[in-house]
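Q: One letter stands for each residue in the lines below.
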Amino acid sequence: MIRPVLAVLFLVLLGVAAVGCGRDVPASEAVSTSTTAPGAAVAPGTPLKHVTLMLQWTPQSQFAGYYMAKEKGFYAAHGLDVTIIRGGPDRDQVEYVKAGKADFITQFLTGAIMYRDQGLPVVNLTQIVNRSNLMLVARAGSGISSIKDLQGKKVSIWGEPFRAAYLGLFEAMGLQVEVLPENTTVNLFLRGGADAVAAMYYNEYNGIYLAGIDEDQMTVFFLRDYGFDFPEDGIYCLDSLAQSDPAACRAMVEASWEGWRYAAEHEQETLDVVMARAGEAHVATNPTHQKWMLETILKTILPPHGNEWVPGRLLSFDYQNAVDVLSARGLIAGSPAPFAEFHQLGDAQ
Amino acid sequence: MSRSTSSAERKPRARRRFGIVGKLVAMVLVGTAIVLAAVLAYSYFTARQLLQQEMVLRVEATASSVSNQVESIQAAVQKVTQTLAVTMEVDRTVSQEQLYGLMEGVLSSDEGLAGITVAAAPGETIAGATDGCFSVDRWNESLVRNDMHASVASYRIGDAYLLPTVLGTPQWTEPYYGEGSSQVLDTYSVPFYLGGGTDGPRRLGGVVACDISLEWLGEVMAMLKLGKDGYGFIISKNGTYISHPVRSLVMQDTIFSVLQRRGDFALRAVAQKMIAGQTGIASFVAVANNIDSWMAYAPVPSTGWSVILMLPKREVLSRIAALSRNAGIAGGGGLVLLMLAAFFIARGIARPVVRLSTAAHALAQDLDAPLPQFKGHDEVADLGHDFGYMRDELKHRMTELAETTAIKERIESELRLAADIQQSLIPKTFPPFPDLPEVDIYATLEPAREIGGDFYDFFFLDGQRICFAIADVSGKGVPAALFMVATRSFLRSLMREERSVARALERLNEQLEEENDACMFVTIFCGVIDLGTGECVYANAGHNPPLLASKDGALRVLDKPRGVILGVQPGVTYTEGEFTLAVGDSLVLYTDGVTEAMDKDGALFGDERLREVASASAGGDCRRYVADIRAAVAGFAGDAEQSDDITLLVIRRIEATEA
Numbered sequence: 001m002i003r004p005v006l007a008v009l010f011l012v013l014l015g016v017a018a019v020g021c022g023r024d025v026p027a028s029e030a031v032s033t034s035t036t037a038p039g040a041a042v043a044p045g046t047p048l049k050h051v052t053l054m055l056q057w058t059p060q061s062q063f064a065g066y067y068m069a070k071e072k073g074f075y076a077a078h079g080l081d082v083t084i085i086r087g088g089p090d091r092d093q094v095e096y097v098k099a100g101k102a103d104f105i106t107q108f109l110t111g112a113i114m115y116r117d118q119g120l121p122v123v124n125l126t127q128i129v130n131r132s133n134l135m136l137v138a139r140a141g142s143g144i145s146s147i148k149d150l151q152g153k154k155v156s157i158w159g160e161p162f163r164a165a166y167l168g169l170f171e172a173m174g175l176q177v178e179v180l181p182e183n184t185t186v187n188l189f190l191r192g193g194a195d196a197v198a199a200m201y202y203n204e205y206n207g208i209y210l211a212g213i214d215e216d217q218m219t220v221f222f223l224r225d226y227g228f229d230f231p232e233d234g235i236y237c238l239d240s241l242a243q244s245d246p247a248a249c250r251a252m253v254e255a256s257w258e259g260w261r262y263a264a265e266h267e268q269e270t271l272d273v274v275m276a277r278a279g280e281a282h283v284a285t286n287p288t289h290q291k292w293m294l295e296t297i298l299k300t301i302l303p304p305h306g307n308e309w310v311p312g313r314l315l316s317f318d319y320q321n322a323v324d325v326l327s328a329r330g331l332i333a334g335s336p337a338p339f340a341e342f343h344q345l346g347d348a349q
Numbered sequence: 001m002s003r004s005t006s007s008a009e010r011k012p013r014a015r016r017r018f019g020i021v022g023k024l025v026a027m028v029l030v031g032t033a034i035v036l037a038a039v040l041a042y043s044y045f046t047a048r049q050l051l052q053q054e055m056v057l058r059v060e061a062t063a064s065s066v067s068n069q070v071e072s073i074q075a076a077v078q079k080v081t082q083t084l085a086v087t088m089e090v091d092r093t094v095s096q097e098q099l100y101g102l103m104e105g106v107l108s109s110d111e112g113l114a115g116i117t118v119a120a121a122p123g124e125t126i127a128g129a130t131d132g133c134f135s136v137d138r139w140n141e142s143l144v145r146n147d148m149h150a151s152v153a154s155y156r157i158g159d160a161y162l163l164p165t166v167l168g169t170p171q172w173t174e175p176y177y178g179e180g181s182s183q184v185l186d187t188y189s190v191p192f193y194l195g196g197g198t199d200g201p202r203r204l205g206g207v208v209a210c211d212i213s214l215e216w217l218g219e220v221m222a223m224l225k226l227g228k229d230g231y232g233f234i235i236s237k238n239g240t241y242i243s244h245p246v247r248s249l250v251m252q253d254t255i256f257s258v259l260q261r262r263g264d265f266a267l268r269a270v271a272q273k274m275i276a277g278q279t280g281i282a283s284f285v286a287v288a289n290n291i292d293s294w295m296a297y298a299p300v301p302s303t304g305w306s307v308i309l310m311l312p313k314r315e316v317l318s319r320i321a322a323l324s325r326n327a328g329i330a331g332g333g334g335l336v337l338l339m340l341a342a343f344f345i346a347r348g349i350a351r352p353v354v355r356l357s358t359a360a361h362a363l364a365q366d367l368d369a370p371l372p373q374f375k376g377h378d379e380v381a382d383l384g385h386d387f388g389y390m391r392d393e394l395k396h397r398m399t400e401l402a403e404t405t406a407i408k409e410r411i412e413s414e415l416r417l418a419a420d421i422q423q424s425l426i427p428k429t430f431p432p433f434p435d436l437p438e439v440d441i442y443a444t445l446e447p448a449r450e451i452g453g454d455f456y457d458f459f460f461l462d463g464q465r466i467c468f469a470i471a472d473v474s475g476k477g478v479p480a481a482l483f484m485v486a487t488r489s490f491l492r493s494l495m496r497e498e499r500s501v502a503r504a505l506e507r508l509n510e511q512l513e514e515e516n517d518a519c520m521f522v523t524i525f526c527g528v529i530d531l532g533t534g535e536c537v538y539a540n541a542g543h544n545p546p547l548l549a550s551k552d553g554a555l556r557v558l559d560k561p562r563g564v565i566l567g568v569q570p571g572v573t574y575t576e577g578e579f580t581l582a583v584g585d586s587l588v589l590y591t592d593g594v595t596e597a598m599d600k601d602g603a604l605f606g607d608e609r610l611r612e613v614a615s616a617s618a619g620g621d622c623r624r625y626v627a628d629i630r631a632a633v634a635g636f637a638g639d640a641e642q643s644d645d646i647t648l649l650v651i652r653r654i655e656a657t658e659a
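Top to bottom, those sequences are chains A and B.
Under our numbering, think of the first position of the first sequence as 1, with each following residue one higher.
Under our numbering, think of the first position of the second sequence as 1, with each following residue one higher.
The set of hints was computed from the structure by calculation and includes no laboratory data.
Be aware that one or more of the hints could be misleading.
[Stated by the list, open to error] A few chain B residues that face chain A, going by a derived Cβ cut-off under 8 Å, partial list only:
(1) Leu162
(2) Ser257
(3) Gln260
[What the hints assert, rightly or not] Taking lysine to any residue pairs in the SDA-like style, the calculated list, with each CA pair at most 20 Å apart, reads:
(4) B/Lys560 to B/Thr575
(5) B/Lys273 to A/Asp214
(6) A/Lys154 to A/Glu178
(7) B/Lys225 to B/Val316
(8) A/Lys153 to B/Val166
(9) A/Lys154 to B/Ile157
(10) A/Lys154 to B/Lys225
(11) B/Lys476 to B/Leu415
(12) B/Lys273 to B/Arg262
(13) B/Lys600 to B/Ala632
(14) B/Lys273 to A/Glu178
(15) A/Lys153 to B/Ile157
Quick reminder that beta carbons are idealized off the backbone N, C-alpha and C, glycines included.
So here's chain A without its partners, still in its complex pose (with noise of 0.2 Å):
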């Protein structure tokens, strides 16, 4: 089934590198091909507008609907002829949007936030996960029963955007913890180094698992259970972007949520898709947890009981809540944004 899809998506690569990059290719020809994409959104002949969108890690299932929207043709269906960049340790977005490297990027709220704060003027097109999959693992029988137990104990933190949730839990709750850095793996905390490690949900948590330590023998704290369950992946761009081609904006927005529903209808298929996207950039990872990275991260993004929030749309709350914490944790020095001016377009259609 992904085969055909690859080879046209192939051919549609060679059409674009044939008449050079950034050039504009009509629409007809990549619509033509792309029989899946549903309600075409442009009219054939319509030339295809060439954008670029920078995730913010190196690909896994936290990008999936992203990786389906390009592959199932949504973006060219709604007139965009999408590149996706891969983030990554070794990648820096802010440098990549102020070279014009980057048109779109994904990105925590908090993330987002500091962005601003450090003169990248982005807004929110849309919120893609709508709740915080953040929390903390620590190991059963270790003492470390209730988050109080955390005091004067040795926790590892990723840091920013990712740290001042936890460090806004910390004092919230008025534990005094001896932080330790945390890297892209979690050996640390599993050679014994910290009693408590930071964790996605959708990923590290997982992670130790399929290191062989069971569910019941891990404790587990989620942010979102004590005040701190910020938004976290959205689409972004420059204030500038959103006010000269609004259209461009809402192709960008429309055609990822497409691209996330394909992915929740088609599992199987969407980590073909990922496992490939993992493998052309040598990520060390596997198809058992790829399935659990889409399957979690999925209860963020669409509602599971389809009333918990509205698909795209950010709330002030949130916003001004992660606001707080980043300002009281001294990691925006300005004003930030008014709210209206942040979240430019929101829900998904």
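Mind docking chain B on chain A? Use the hints.
A: Relative to the frame of chain A, chain B by itself:
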């Protein structure tokens, strides 16, 4: 010999489903097969258990050999790294150039090393540089120096720095992909410490980290002799595949993710034992070739890795499989031989039995049919001889029976003759005196089944007088018949000699009593009637009293005088009675066979019924009179069998004009 009637009714012989031969062979076969299977199964499982124990030991030995090889290579790395760390602690004056030279010297002397990094702890100075970070990497056969001073912060959050500095001990990192290559690397990282003397308090100075390529692991594992489909692999402390024949798993999957993908949750506990550094064995379908295998595991202590060997069960068990197969073939051959032996023995027994059975069947038709001859002295031969004996006895008994039957038939015919003779002594021609119009006589004697002792008689004493008698001899059969003949003969002659009836009976009694050894007796009513006058003189020796019936039906019972029975005691006297038989009157004489005739309920005909019919039927001729009484008796008895002779004698005087 006559064909017996039963043989015609005999059912045809049912066809045998399982003869003795089949049953015996089947029982021997099943019994032996069960024993054989049990022995084979026991030896198979015992051998399998021994083999499995041996295999665990072998795997442990192999795993520890792999472990030793890994450790010896790693020990060299550890030593070099620790030496460098000590140098960094001790020699604080080393220059940047000297440090690079030192690192390059180490890399040159050990081809297995991929690179060395020395990084300072925050704020510390190494090789003259605060927050210094220097590395030399092997890059396409050449060594490349790298001053990573600018990126020391990101180096410090990597595992190579974080793990040893936080844990305070040298650490092997989890294996990882080298940057820009598909080479799997592992880093041994040693923290070094400064101070403790004049140089201020003892504190973390930084780390020395040596990277080694793990490519050689695959070669070590490939050299393992594990049979055709066996293989080995290594997992890290986190369960990540470091070496595996399936390259796509290496550095991508953990053993836990593979188990989860296969839905094999039971083995997760086994995998946890592996990464916990335990030794053991488990059953598992190999990932690389889907062959049901034994999975044996043993730890590599220095790194926390686990060496796992996959041994296909069928290869492990092929030796005992061959053993079991040979044992099975031998056992099966033995089974066939046993079956043949059982067959021949059973047939040896069954064959004569079948012959005997056939002969017995023929014997039932014809006792002269030949019986099979058996040699030897076994049970079957005995049975054959017994059969012959039985046949001979049967023939003998049948001959005897034929003779006995002939004798019996002769006796019966003689008895019939005797009965005929007896009957012939009784006058049966009626009317007896056709020239005599004054008297009408009719009599009947119906013997019961056996020959009996009743008789009646009448004869002329002279031209005017007739003597008549009716008698009943005790008992039945020939003795009674002979006694009756004697009684009749004596009576005839005595009545001719004596003028008195009583006197004749007295003499008859003497005669009979004299030679009556059998203690028989006889009752008799005897009279003499004058045909001219009708006067009648009579005497009764214990007999049923006759009836005197007038023609209008009035009855007189001649019950007196009545004397005792004849032949029992000597010197008996009798008294005579007299009456006159008027013209038209009838004298009815009978034996107890009439009054004691029984119906089927055992009730007697009796005197009353006799008198009723005698009265009702009076007045006619004697033949009809007798017939009426006889019919009344027969009507009363119905279907009941006649138990005694029924004898009736009627005498009637008639007028001459009547005739």
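Q: Can you confirm whether the C-alpha distance between lysine 154 of chain A and lysine 225 of chain B stays at or below 20 Å?
A: Distance of about 47 Å is beyond 20 Å: violated.
Q: Per the CB criterion, is glutamine 260 of chain B less than 8 Å away from chain A?
A: Holds, about 5 Å.
Q: Lysine 153 of chain A and isoleucine 157 of chain B were given as a pair; does the straight-line alpha-carbon distance stay at or below 20 Å?
A: holds, 19 Å
Q: Can the restraint linking lysine 476 of chain B and leucine 415 of chain B be considered satisfied, given a maximum Cα separation of 20 Å?
A: Satisfied, since the Cα-Cα distance of roughly 12 Å is no more than 20 Å.
Q: Can you confirm whether the C-alpha distance between lysine 273 of chain B and glutamate 178 of chain A stays at or below 20 Å?
A: violated, 32 Å
Q: Tell me if the interface restraint on serine 257 of chain B is satisfied: Cβ within less than 8 Å of some Cβ in chain A.
A: Constraint on serine 257 of chain B satisfied, holds at 4 Å.
Q: Hinted pair, alpha-carbon criterion (20 Å max): lysine 154 of chain A, isoleucine 157 of chain B. Please report holds or violated.
A: holds, 15 Å
Q: Take the C-alpha atoms of lysine 273 of chain B and arginine 262 of chain B, compute the straight-line distance between them, and say whether it is at most 20 Å.
A: Within the cut-off at roughly 19 Å; holds.
Q: Does lysine 154 of chain A pair with glutamate 178 of chain A here, judged by a C-alpha cut-off of 20 Å?
A: holds, 5 Å
Q: Has the given pair, lysine 153 of chain A with valine 166 of chain B, been kept, meaning a C-alpha gap of at most 20 Å?
A: This hinted pair holds, its Cα atoms lying about 13 Å apart.
Q: Going by Cβ atoms only, is leucine 162 of chain B closer than 8 Å to chain A?
A: Because about 6 Å separates leucine 162 of chain B from the closest Cβ in chain A, which is inside the 8 Å limit, the hint holds.
Q: Does the structure keep lysine 225 of chain B and valine 316 of chain B at a Cα separation of 20 Å or less?
A: holds, 13 Å
In summary, the numbered hints that this structure violates are 10 and 14.
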